[in-house]
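Residue strings, one per chain:
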Amino acid sequence: MNNMLEINGLQKTFNKGTINQKLAIENLSLTFKEGDFVTVIGGNGAGKSTLLNLIAGVYPADAGQVILDGKDISKMPEHKRACLLGRVFQDPMMGTAAGMGIEENLAMAYRRGKGRGLKWGISSRERAKYREKLQALDLGLEGRLSTKVGLLSGGQRQALTLLMATLQKPRLLLLDEHTAALDPRTAAKVLELSDHIIAKHGLTAMMVTHNMRDAIEHGNRLIMMHEGNIALDIAGEAKKKLTVEELIARFSQASGQEFANDRALLS
Amino acid sequence: MQFILSFLAACPGAISQGILWGILGIGVFLTYKVLDYADMTVDGSLCTGGAVSAVLITAGMDPLLTLIFATLAGMAAGAVTGLLHTKLHIPAILSGILTQLALYSVNMRIMGRANTALLGQETIITLLNVPHAILIGGVFAVAIIAVLYWFFGTEVGCAIRATGNNDHMARAQGVNTDNMKLFGLVISNGLVGLAGALLSQYQGFADVQMGRGAIVIGLASVIIGEVVVGKQANFSLRMTSIILGAVIYYIIIALVLQAGLNTNDLKLFSAATVALALALPTLKKTIAGK
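Chain order of the listed sequences is A and B. One point on numbering: in my numbering, the residue at position 202 of the first sequence is 202, and numbering is uninterrupted. Quick note: to get my numbering, add 1000 to the position in the second sequence (first position is 1).
Watch out, some of these pointers could steer you wrong.
[Stated by the list, open to error] Capping the alpha-carbon separation at 27 angstroms, the derived lysine-lysine pairs in DSS-like fashion look like this:
#	chain 1	residue 1	chain 2	residue 2
1	A	K169	A	K200
2	A	K241	A	K200
3	A	K189	A	K133
4	B	K1284	A	K148
5	A	K200	A	K240
6	B	K1033	A	K119
7	A	K148	A	K114
8	A	K148	B	K1285
9	A	K75	B	K1087
10	B	K1284	B	K1231
11	A	K75	A	K133
12	B	K1087	A	K80
13	A	K148	B	K1033
14	A	K114	B	K1087
15	A	K16	B	K1284
16	A	K148	B	K1267
17	A	K169	A	K71
18	A	K114	A	K133
19	B	K1033	B	K1087
20	A	K75	A	K169
21	A	K133	A	K200
22	A	K119	A	K75
23	B	K1033	B	K1267
24	A	K133	A	K80
[Stated by the list, open to error] Quick list of simulated restraints, FRET-style, between CB atoms:
#	chain 1	residue 1	chain 2	residue 2	range
25	A	T147	B	I1090	31 to 41 angstroms
26	B	L1128	A	S153	53 to 63 angstroms
27	A	V58	B	K1231	43 to 53 angstroms
Note that these hints are calculated values from the structure, not bench results. Don't be surprised by glycine CBs; every beta carbon is placed ideally from N, CA and C.
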């Protein structure tokens, strides 16, 4: 299978030249095959979110290359990379426009990567499609197409963002701790939905999580980050047999440190 | 009785003035509410529109045709603010203030002096015929609202609204948010330039000071309109409410002037009214919290 994502020698330092200088990503290289569903775990400040933001182009890398589906996107601005990516954020407020209706949000996502002109923003044909997709979420949103998204719960908003991220099939789906702000039951539901959507469309996906169990139970490959680089990379059969205890032990071995993430240990 | 009569006599003038300032109010609404951008350019671009129109009329151009040039001049002013903000990363408010200041010199250059009179010139509206001015102003307002309602329903219009609503989301959906901000500022200041042209024709002169405090009147119109129809009203109703808000604002002004307020105190009164209106949500919370 082809490589969907290729990262070569990625480097990022924040606040360079000040006393707050922080090396976030250090000479990181990584390759995803098409259809890989990779979970990413790591301690606080390990560089998980920075890695995702560098792929998405939220800020530029100091050095290194990001090649997506054979195309070097390292120099592309965020909104251009967005045409190839689907993103769901940790903050449920971030992925949707609160002051716009559910259908208007979906219509924005439907036009990702296409030109936007002076045609009417939503066609009636789309509406039927949206209703059908919303029905599949099973959250009762299909009857509320014109409801402002600001009136939805965090879980509903995340589910909607997930739908938006995958309405146009992305080359890579980036999930940045997208269930962290939700209550456990809703988090489980959104996670289940993520699994379902990724499997259904055969997406290549990257999911950052702080929950070790989730990282082990989902996806076909697990990456553990430490100090801006990859400390562990476990795939295939080895990942299927992995346990939380083993993961912690292997992390200590690989990094020479205790696994330091209160949130991860508690959950 | 005398008071009521003279107030009533002042009302038609307040209505016609309100409609014209309401067009500026819609421009302010587009930046302040739709784009979430406090654009100070309007204090300058209002006069730019007025100056362009007045100078072209005295040069013999058809007054209706001058509106196009006034609108274009306003758009150019909006583009400058937009470029300062998006390309040079100057904070939003400061970009507007810089353009506004620069426009003072530009407006002086356009007119060659501090004001241009339109005495004896034919104009499309005039305060000498208020009912006619209300009619024409109303036609302009309705046309502008119709066009904007259509535009903000299109794909590009939706992208501008999404940018103002949540620029993270807009970028993640492939929208060039810098361009959308620029676009919004251009449209907004185009409207403001048009309002300035109509105002100068209505009052019979353009003056370099005519835009001073325009942003406050625009905000007052937006806020009063919001009180009348609520925040959840649809887009065309919200824009209509701004025209209504501006009319109400000028009727209140007529009222306080009749009641004996010194005209020099008007700006203090306007600023205090808008400050109070903006503070209302906070004040409500504080009172409810006790």
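So, going through the hints one by one against the coordinates:
1. K169/A to K200/A: 11 angstroms, holds
2. K241/A to K200/A: With Cα atoms ~24 angstroms apart, K241/A and K200/A stay inside 27 angstroms; holds.
3. K189/A to K133/A: Holds, at about 16 angstroms.
4. K1284/B to K148/A: 24 angstroms, holds
5. K200/A to K240/A: This hinted pair holds, its Cα atoms lying about 20 angstroms apart.
6. K1033/B to K119/A: This hinted pair holds, its Cα atoms lying about 23 angstroms apart.
7. K148/A to K114/A: Distance ~24 angstroms between K148/A and K114/A Cα, so the pair holds.
8. K148/A to K1285/B: 24 angstroms, holds
9. K75/A to K1087/B: Holds. K75/A to K1087/B sits at ~17 angstroms (cutoff 27 angstroms).
10. K1284/B to K1231/B: With Cα atoms ~17 angstroms apart, K1284/B and K1231/B stay inside 27 angstroms; holds.
11. K75/A to K133/A: 34 angstroms, violated
12. K1087/B to K80/A: 17 angstroms, holds
13. K148/A to K1033/B: 16 angstroms, holds
14. K114/A to K1087/B: 24 angstroms, holds
15. K16/A to K1284/B: Violated - the C-alpha atoms of K1284/B and K16/A are around 45 angstroms apart, more than 27 angstroms.
16. K148/A to K1267/B: Judged against 27 angstroms, a Cα distance of about 37 angstroms means the pair is violated.
17. K169/A to K71/A: 17 angstroms, holds
18. K114/A to K133/A: With Cα atoms ~20 angstroms apart, K114/A and K133/A stay inside 27 angstroms; holds.
19. K1033/B to K1087/B: With a Cα-Cα distance of about 22 angstroms, the restraint between K1033/B and K1087/B holds, given a limit of 27 angstroms.
20. K75/A to K169/A: 22 angstroms, holds
21. K133/A to K200/A: The given pair, whose Cα atoms are some 13 angstroms apart, holds under the 27 angstroms limit.
22. K119/A to K75/A: This hinted pair is violated, its Cα atoms lying about 31 angstroms apart.
23. K1033/B to K1267/B: 23 angstroms, holds
24. K133/A to K80/A: 26 angstroms, holds
25. T147/A to I1090/B: 31 to 41 angstroms: For T147/A and I1090/B the Cβ distance comes to about 38 angstroms; the hint holds.
26. L1128/B to S153/A: 53 to 63 angstroms: 59 angstroms, holds
27. V58/A to K1231/B: 43 to 53 angstroms: 31 angstroms, violated
Hint check: violations occur at hints 11, 15, 16, 22, 27; the rest are consistent with the structure.
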